[in-house]
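On the provided structure of chain A, position chain B as indicated by the hints.
Chains as they are written, first to last, in my numbering: chain A, 1 to 153; chain B, 154 to 659.
It should be emphasised that the hints constitute simulated quantities derived from the structure, not laboratory data.
Derived pair list, reagent style PhoX-like, types lysine-lysine, alpha-carbon separation capped at 20 Å: (1) A/Lys63 to B/Lys581; (2) B/Lys580 to A/Lys66; (3) B/Lys436 to B/Lys447; (4) A/Lys66 to B/Lys581.
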Amino acid sequence: MRAADLTTALILIAGGALVIWDSLRIGIGWSTDGPRSGFFPFWLAVLLIGAALGIIARTLSQKNGKPFVTREQLRPVLDVLWPATACVLLMHWLGLYLSSALYMAFYMRRFGHYSWLVAAGVSVVFAVSVFLIFELWFLVPMPKGPVEAWMGY
Amino acid sequence: MGIENLLFGFQVALHPYNLLLAVIGVTLGTIIGVLPGLGGANGVAILLPLTFSMPPTSAIILLTSLYWGALFGGAITSILFNIPGEPWSVATTFDGYPLARQGRGGQALTAAFSSSFVGALFAVILITLFAPLLAEIALKFGPPEFFAIQLLTFSSFIGLGGGSPLKSLVSILIGFILAAVGLDIVTGQLRMTFGLTDLMKGFDFIVAVIGLFGIGEILLSMEEGLAFKGASARINPRVVWETWRELPRYWRTFVRSCFIGFWMGFKPGGATPASFMSYAFAKRFSKHPERFGKGELEGVVAPETAAHAAGGASLLPMITLGIPGSPTAAVMLGGLIIWGLQPGPMLFKEKPDFVWGLIASMYTGNVIGVAMVLAFVPLFAAILRVPFAILTPLIVAVCALGAYSVNSRMIDVWYMLIFGVIGYVFKKLDYPLAPLVLALVLGDLAENALRQSLIMSHGSLLILLERPISGAITAVALFFFALPIITSWWRRFRGVSLPTASPRET
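Only chain A is shown next, with the shape it has when bound in the complex:
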């Protein structure tokens, strides 16, 4: 827990420093028509760094041996995350419908141990109903790929 708290605080400080650097570039002072663009972010970042230093001081003075996350806990989290990331990556080429259907089918097959038939069935029903609701009923277009193009959309 301590390590995670400290790391987060350090990342915040780095982020704050980045904001300060950018704000100084565009000006934090006063121009003819009021405060410059950098004024607000600059002071926010100064406060952020101050608060993060405070958190570091507090964390160092406390003892908390509890680990941030155990290996057993992290596994199911990563099991959701990496296929989701792959799915979003695929969206760039395959469009949203196909890649989310693939994602659902993959997840059901791999972690739910469903038969291919069930997995394919559920994900196709999902993709088709989303298509009907968003694309046709509410006219909200989603990213589409070669399959949709082949079907004429």
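Here is chain B on its own, set in the frame of chain A:
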């Protein structure tokens, strides 16, 4: 005058199309409230793009009904599955789940829904009475007053939010900084884009809501191991009738919880502390406090009444001042802007049909909500019996869908994933997420209010204290900011150290 306006509002809300939307909203909302990882804020965020083509009044009716539905849905999972779907339903599990285990789930659910209804109704009645007055006062507000209210909003997270005040402050600052990314509309300058065109449009808070609350929450529940072991509940008219006959006995609890809920709720982040506080008060004033936690009906009544009174109250500052009291209200506020309405006190003058339609729909939405959940509880509860291997990817896919459709940009889906991981880490480290979202929504407004105040005063921050109204509000805000320091001195002075409870806040 108020009655006429309300009757006019009812004409809008009772229009068949709007009634149908209210039914759809309540249904979807209840489903969303039952599902882990999807709460009211998320549901509203995901549905928002679908409302772009609707008339604004119908759109807001759909979204508020969804909100009521989500509040009802949270009660179902807390009582039957011991899983609080929303943070403010945590206190409901204390007595709700034991009741369900004893086979009295029907009574517990009836009591919960009825109390929610009473709490929400109380809040809506107060909104009907006070919203026009508050809007009238707010019309006289200038930039310093608005900035002072923003200060008050965020100071209450730090002073009253529980948890670590420094971490609350960090969340607020991150929200404001993210809001500043992109084009500065006042000067036309690019800020913190570091030459990347994708950053020019900044971060959309709706995407942040979907990532932080949706993806972050699903990651958390995966880690904790999703296992739904539900008690079953039978609800039939007889159970409902018998429970209703028992409820008037708790009228004191109802009244007390209504006031606690409304008082806590119109300040941001109020629903969760309100529910805990109301539960604690009910226990303290009860003749048999030892029964609490083992299945006392009053222990369900108290938090549910307060949570819903607070949920309703959080809409009051949104419609009168344009400042949302909760993340869900924040998303709705974003909706208002997208539909081309300017949130704030002018709405009452410019769009009376919208405001009064919205207020009237709060009455109709609650009546529809309580009737529907009472009738279809088993159906809604069945959702949680869908295996997690289907639910999890389904929720992730729906979140991606929602994130993309906000602006039709792929980069938003990536932001959603990143915000999801941030949400997961922050929740584990006890950084509150609600202030981050609110700051992200209000960032531009706050910055402009501050800018204009400074221009008015030629660069002196003292203007906030010099004007009477903003001075009073700023003073209260400064007091809240200092409250954590004051209480820690006080404790040291008294020589005791009490552990602070930190309810999870969304």
